[in-house]
Amino acid sequence: MMASDALTGGFADAPTEAARAFRAAMNAMAFPGRIQPITGGQGPAPLSPAAATLLLTLCDPETPLYLAGAHDTQAVRDWVTFHTGAPLVGASEAMFAVGGWEALQPVSAFAIGTSDYPDRAATLIVESAALEQAGSTLTGPGIKETATFSLPEPEVFAANAARFPLGWDAYFTCGDRLAALPRSTKVS
Amino acid sequence: MTTQTAEATQSAYNFAYLDEQTKRMIRRAILKGLAVPGYQVPFASREMPMPYGWGTGGVQVSAATLTPEDCFKVIDQGADDTTNAVSIRKFFERTAQVETTTHTAEATVIQTRHRIPEEPLREDQVLVYQVPIPEPLRFLEPSEVETRKMHALEEYGLMHVKLYEDIARHGAISTAYAYPVKVEGRYVMDPSPIPKFDNPKLEMAAIQLFGAGREQRIYALPPYTQVVSLDFEDHPFDPSKAEHPCDLCGAEDSYLDEVITDDAGSRMFVCSDTDYCLARRDAGHEGAQGARG
Chain A
160 MMASDALTGG
170 FADAPTEAAR
180 AFRAAMNAMA
190 FPGRIQPITG
200 GQGPAPLSPA
210 AATLLLTLCD
220 PETPLYLAGA
230 HDTQAVRDWV
240 TFHTGAPLVG
250 ASEAMFAVGG
260 WEALQPVSAF
270 AIGTSDYPDR
280 AATLIVESAA
290 LEQAGSTLTG
300 PGIKETATFS
310 LPEPEVFAAN
320 AARFPLGWDA
330 YFTCGDRLAA
340 LPRSTKVS
Chain B
-12 MTTQTAEATQ
-2 SAYNFAYLDE
8 QTKRMIRRAI
18 LKGLAVPGYQ
28 VPFASREMPM
38 PYGWGTGGVQ
48 VSAATLTPED
58 CFKVIDQGAD
68 DTTNAVSIRK
78 FFERTAQVET
88 TTHTAEATVI
98 QTRHRIPEEP
108 LREDQVLVYQ
118 VPIPEPLRFL
128 EPSEVETRKM
138 HALEEYGLMH
148 VKLYEDIARH
158 GAISTAYAYP
168 VKVEGRYVMD
178 PSPIPKFDNP
188 KLEMAAIQLF
198 GAGREQRIYA
208 LPPYTQVVSL
218 DFEDHPFDPS
228 KAEHPCDLCG
238 AEDSYLDEVI
248 TDDAGSRMFV
258 CSDTDYCLAR
268 RDAGHEGAQG
278 ARG
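Chains as they are written, first to last, in our numbering: chain A, 160 to 347; chain B, -12 to 280.
Don't read these hints as lab results, they were simulated from the structure. Keep in mind that the hints are not guaranteed to be accurate.
What the hints assert, rightly or not - Which chain B residues stay away from chain A? Per the calculated CB distances, all over 10 Å, these:
# : residue
1 : E56
2 : K149
3 : A275
To be verified - Using 25 Å as the maximum straight-line C-alpha spacing, the simulated BS3-like pairs for lysine-lysine come out as follows:
#  : chain 1 : residue 1 : chain 2 : residue 2
4  : B       : K149      : A       : K345
5  : B       : K228      : A       : K345
6  : B       : K169      : A       : K303
7  : B       : K149      : B       : K136
8  : A       : K345      : A       : K303
9  : B       : K149      : B       : K169
10 : B       : K77       : B       : K136
11 : A       : K303      : B       : K188
12 : B       : K169      : B       : K188
13 : B       : K169      : B       : K228
14 : B       : K136      : B       : K169
A virtual CB, placed ideally from N, CA and C, is assigned to each residue, including glycine.
Chain A with its partners taken away, still in its complex shape (with noise of 0.2 Å):
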């Protein structure tokens, strides 16, 4: 039986809403480790709005989804499957994945795409206690000189970007607040 709270938290006009968190999104992805305002979408805990507002942007049947650790509830699974319709699956399947940073490992699972198409990488959705604009130091696309952001584990973001232009790419997610890093940008 579906809890009725599976049924709420949607967008309220999906088009136009989904149209700004995609901008959101879209900035954050543009502008590595700049911490951008994302809402819309309010999913069951332990979801935060940021990243409940990321999967009703982002997931559609056309996307297996994973779920780690804490965020694989029966609450969750509910409501993403009423909300986006993606399909449920393990790390290695994955196009999206969501949870906390120790919940995700080993990173190493998730697809980093082909040399023929790089773009068939996996997207971390990673739930974070804090995002600052302090800690590691970024370069490359999306950056005039350098960025500052705190990653969790900088060696595994450096290792993700030394196998540029294969890797995964991740979001970052804290209440209604997110940031990118995609496997282009150098950390140090």
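With chain A fixed as given, assemble chain B onto it according to the hints.
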């Protein structure tokens, strides 16, 4: 348009014309394009209510990008007032109810065919290109299987041979538009048929998205991405333009169109960016034939 028909239009179409699942598919392609700058992401291009070659790729990317708060500008070869630009602007006025403008500085999303505006763009602006042939190697290698392998292996020798043959035959690289570039030292990319004069502007503060509808490809350049026009040490890249100031506004730094004015060989050179030219004339600049009525 009366209020009544405007409301009818509004309820007859989804916001920005495309259905939500199509927009999600395009949005996912845009994000992967931004993550791998210069790589052409395949996408399931839709039929649009305009023929291929009229900007169906750009229109789909704009539809997936526009928000109700955006101010939209469309240029075709630099001009806001050509048929294609006017009809695409009207299309989104009707289906997305967005504000539109001809002023580069006021626009937040600019769809363009074959030009980059003269005025430098900002971080809060998005430039969407209409692309006919996204594959820079296509005229050298017709097979998609082969060109995909060439990109995977970073095998771009053929492109350098082509540029070298230009020099051997003409004494200079004769490619004047759609001049190939290398993105972040990895992918060779077709910047769409912009004049090579615009190539240095590809390194900019705005997000650049490229949509090829018929060829079903989307690619992207995040802000400040390194974009290098291919050349040789002894034949460096030259972003040339007509050696002439604009006859209307006197600008010496803008890309010019040559306009034939009679059948006796008279001609004039005018800015291809109409908004740039108009703004300069409004500010009091005047070229050789620039008397304003």
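Give me the numbers of the hints this structure contradicts, sorted from smallest to largest. 1, 4, 5 and 10
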